[in-house]
Amino acid sequence: MTLFLQQFVNGIALGSVYSLVALGLTLVYGVLKVPNFAHGALYMAGAYVSYVMLTSFGASYIVAMAVSVVVLAVLGGSMEWLVFRRLEGKTPVHSMIAALGLLFFMEGTADVIWGPTFRQVPTPFDGVVTLLGVNITEQRILVIVAAVVTMVGLYLLLKRTLVGMSIEAMAQDREGALLVGIDTRRVALLTFAISGALAAVAGSLIAPLLLVFPNMGELIILKAFVIVILGGMGSVPGAILGGYLLALAETMAGTYVSFAFSELIAFGLLVLVLVIRPTGLFQKGV
Amino acid sequence: MPEPMLELKGVSVQFGTFLALRQVSVSVAEGEIVVLLGANGAGKSTLFRAVSGLERPSEGTIHFDGQDISRLAAHRIVREGVAHAPEGKHLFTEASVRKNLLLGAYVRRKDPAGVQESMEEVFDLFPMLRAKAGDAAGTLSGGQQQMLSIGRALMARPRLLLLDEPSLGLAPLVVEEVFESILEINRRGTAVFLAEQNAHAALKVAKRGYVIESGSVAIEGDRDTLVDNPEVRRAYIGV
Ligand SMILES: Nc1ncnc2c1ncn2[C@@H]1O[C@H](COP(=O)(O)OP(=O)(O)OP(=O)(O)O)[C@@H](O)[C@H]1O
Ligand SMILES: [Mg+2]
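Here the protein sequences line up with chains A and B, keeping their order.
In terms of my numbering, the first sequence is numbered consecutively and its last residue is 286.
In terms of my numbering, the second sequence is numbered consecutively and its last residue is 525.
Chain B extracted, bound-state conformation (with noise of 0.2 Å):
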């Protein structure tokens, strides 16, 4: 097995008296797509906050390629190669689609050929993205303003991408749509690490995942094993 390209191991986080994530140990390889599943309050964003520096980690470490980036700051983690499309989306509303992705673009500054470049491929993965670069991001609809997150965090070129609850509030549809973009970006040797309470989806995506509940770790294991474990059933598939 390679060492794994992000890895966290015994991260807590703490608001407060609260503890929100209680020693995580989770890791995605190179390449990969992993969920992580977990109900309303499960710890999932924090997860994803902590690793991309938004969060401090009150114990454990965070390695991406075998660096320890949990005491980087925010601007810094994404120069190393990982980008967040964060729950809320936190978009720059009033600003132009197209702004947006160039300002998701802003660690490469120094490459503006190579900007452009994304620009086309985030366009040719979205071409809804390509009709509307002119209007101001808070115009577009909930599934489009998704898609210029996803968007804008691709412009940053990295090499794990957190999503964070990419379908919710979507239509079934727009959904799919939304999946099938994950999969090609996947393709394009992108890993993925996703949270979501929608499993069904996920796990079409996902080759393996983990569960979280009450900030630890219930259940992980690959796509199969999680399909057939009852309590997955039950909390996240509804059946």
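Next up, chain A with everything else stripped away, as it sits in the complex (with noise of 0.2 Å):
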């Protein structure tokens, strides 16, 4: 029983960072048809700044993280601005190939700052918190609640804000956004900005529990492609569902059965969905 809740919490936390990066990625594709490959360098770049900031300015972890949601909210949006928007009217494959060469690129660009070492990320809160049995690291708790809070944020944006209303218009009907006065573009550019600031959240919370290095988005980012095929493409409550289902998921196998074995579900899941039930378990809907 200890074990199964420890796992339990640990399937939590990492299933708050595939749900945050699956948001990123389900927000971008509800507003622009664009499946955002580069979303992994993103959340990769949002790693790195804060790590930049822990050990060459001596920041504070809180404002380590302030700082990488700032810089990938502006990296986000530069994307848009430079490669998606010229995109319009495209075919998807062209997005897709954009994407994918951003993907490479940014890895790339990251190698050669900082070489495919594998960085250590500290942080502060190292102690381990002991419930029920079950030890808990504090930066697990942190990133948790840190989780939490973020998807409260987003959807306080989404539901409450004139923004937000913009962004669902855009997503449910780009024509009739524009109909009734809504920049599409500035729009675009906000939801991209807003996917790197989610991107950030994700990659700051994760960097001390894992290592950072140059294709650490890669894997997360073909699972959170198979946490909002899952859950809906586009689809905000599929997004953190599926991220928190898949992380219980692959925990509980990587437990109970073996590791290699907790590798293979996500994959093993997406093929399943797209045969069976291609548009996804959940109804779409921002």
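FYI, nobody ran anything at the bench for these hints, they're computed from the structure.
C-beta: ideal position from N, C-alpha, C; glycine also.
Hints may be right or wrong, so weigh each one.
[Unchecked claim] Here are the simulated DSSO-like pairs of lysine-lysine, each with C-alpha atoms no more than 27 Å apart in a straight line:
1) A:Lys-159 x B:Lys-418
2) B:Lys-396 x B:Lys-385
3) A:Lys-33 x A:Lys-90
4) B:Lys-396 x A:Lys-159
5) B:Lys-396 x B:Lys-418
6) B:Lys-385 x A:Lys-33
7) B:Lys-418 x B:Lys-385
8) B:Lys-295 x B:Lys-493
9) A:Lys-159 x B:Lys-385
10) A:Lys-33 x A:Lys-159
[Stated by the list, open to error] These stretches of chain B come out as covered by chain A in the derived footprint (C-beta under 8 Å, 3 or more residues):
11) 355 to 361
12) 425 to 434
13) 462 to 476
Fit chain to chain and form the complex, with the hints in mind.
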């Protein structure tokens, strides 16, 4: 039972990060119909910015994360402005190839700057809390809490503000959005910026638990695609639920079956869902 | 004759090598109801889309209130006072009726009191929308969606309303209801440019109109001229 609870908490922590990454991906997909593989690079960049702030500038963890959020919002917005905006009206294949190109370009850039070395990111939250016999590192608690806070913030932004309403409107009907006077280019830019910020939160949260390296975004972006397809392309609740479910399934399989098997789950599910229910398991809806 | 509010001069729209509009010149004056008749594929929607900025003319000018809007972005044209209830409605189907209307007033977001007032006006015009205010737009019937589409356009408080085939796919009784509301909207001071295939219904409300065929204006005139025109009678009234 203790083992189960222990793994449950670990699964929730991992799921928090999966969900955050999937959220950024699904938002951009919902609004622009771009499958943004480069989102994995934003997540990687978010981790590196925090790493640099912590190790070179001696910033506190919270400040490092805040800087990372701002830098990545700008980077995300630039991606839209410099690349995807110019592909408007081209086939989806153009955007997809551009996204892949950006992913490898950014990974290459990180490799040039920091080299292929695996970096350890320090955290002040290195204590361990014991609850019901379960040992939880403070960093995991931070991951879980910060992810929930971020998701609530995103929910309020989408549902309660005009900016959020315009994002939802564009996701539901781009032409309708134009006709009510929404500047869809501005919304696209903003959505990319928000997605960059979400990637920064995810990357900064996970960095101390894992190692930071140029390709760290590849596996997680593929898993985020699984989650987004599972949850319904463009669906916000689907991305959140899907992220936690996949992480829990992986963690439990890793505990009770084998680690190798756990890495098989995501892609097994992907093929299964695509074959059985290509529209995803949940209703679409931001 | 006063300066028309909307004036298209020699407007052409091209899709690849296909000319969907060929040097079309039409106009709508302040407070008028004008109908644009034409068969499937004649170019009615293309003309409206050019006015609201969804298509770019390859030649010609589109003036609204004396300003050339043919190069303005779609979201700017709404601000100038032209609202478009498009073919296919393009509602926000997962959002509530109320949210659709609120989004319709996006260009007036700095004026929440005025927006509330307009919302009440739309609810008075289409009482059914008030009853369904909390329902997702996608759950409404075809006629109700048409009314929501018109209501959403009105929320921008336009001076010119473009209505693209509002009678399409509706039962005769509902068509009558929709056309009643068009008259009421016009009485409140909004000019209406109406695209229709249902000339019978449209010519009851419009005082003048145009017939377009294969992208060109073929016939134009006031209601009586159009009603008496043998070609209009044969093609659009079915007598
Ligand atoms: N985006 C597009 N690309 C290519 N051709 C188009 C496009 N939009 C419209 N057309 C063509 O332009 C012509 C005019 O179309 P339009 O939709 O304006 O006609 P319409 O009069 O509105 O017809 P309907 O009564 O069926 O709505 C048609 O031949 C149509 O196939
Ligand atoms: Mg049409």
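Take the C-alpha atoms of Lys-385 (chain B) and Lys-33 (chain A), compute the straight-line distance between them, and say whether it is at most 27 Å. At roughly 23 Å apart (the allowed maximum being 27 Å), Lys-33 (chain A) and Lys-385 (chain B) satisfy the hint.
Within 27 Å, alpha carbon to alpha carbon, are Lys-396 (chain B) and Lys-385 (chain B)? holds (16 Å)
Next pair to validate is Lys-33 (chain A) with Lys-90 (chain A); report whether the Cα-Cα distance is within 27 Å. holds (12 Å)
Verify the proposed pairing of Lys-159 (chain A) with Lys-385 (chain B), using a straight-line Cα cut of 27 Å. Measuring from Cα to Cα gives roughly 10 Å; hence the hint holds.
Does Lys-159 (chain A) pair with Lys-418 (chain B) here, judged by a C-alpha cut-off of 27 Å? holds (20 Å)
Restraint check for Lys-418 (chain B) with Lys-385 (chain B), where alpha carbons must lie at most 27 Å apart: Roughly 12 Å between the alpha carbons, so the hint for Lys-418 (chain B) and Lys-385 (chain B) holds.
Please verify whether Lys-396 (chain B) and Lys-159 (chain A) have alpha carbons no more than 27 Å apart. holds (18 Å)
For Lys-396 (chain B) and Lys-418 (chain B), compute the direct alpha-carbon distance and say whether it is at most 27 Å. Measuring from Cα to Cα gives roughly 26 Å; hence the hint holds.
Can the restraint linking Lys-295 (chain B) and Lys-493 (chain B) be considered satisfied, given a maximum Cα separation of 27 Å? holds (21 Å)
Quick check: do three or more residues in the stretch 425 to 434 of chain B have a beta carbon closer than 8 Å to a beta carbon of chain A? Coverage by chain A is violated for the stretch 425 to 434 of chain B (0 residues, Cβ < 8 Å).
Confirm or reject the coverage of the stretch 462 to 476 of chain B by chain A under the rule of 3 or more residues with a beta carbon closer than 8 Å to the chain's beta carbons. Check failed, 0 qualifying residues.
Does Lys-159 (chain A) lie within 27 Å of Lys-33 (chain A) when you go C-alpha to C-alpha? Since the Cα atoms of Lys-33 (chain A) and Lys-159 (chain A) sit roughly 21 Å apart, the hinted pair holds (cutoff 27 Å).
The structure fails to meet hints 12 and 13 from the earlier list, while all remaining hints are met.
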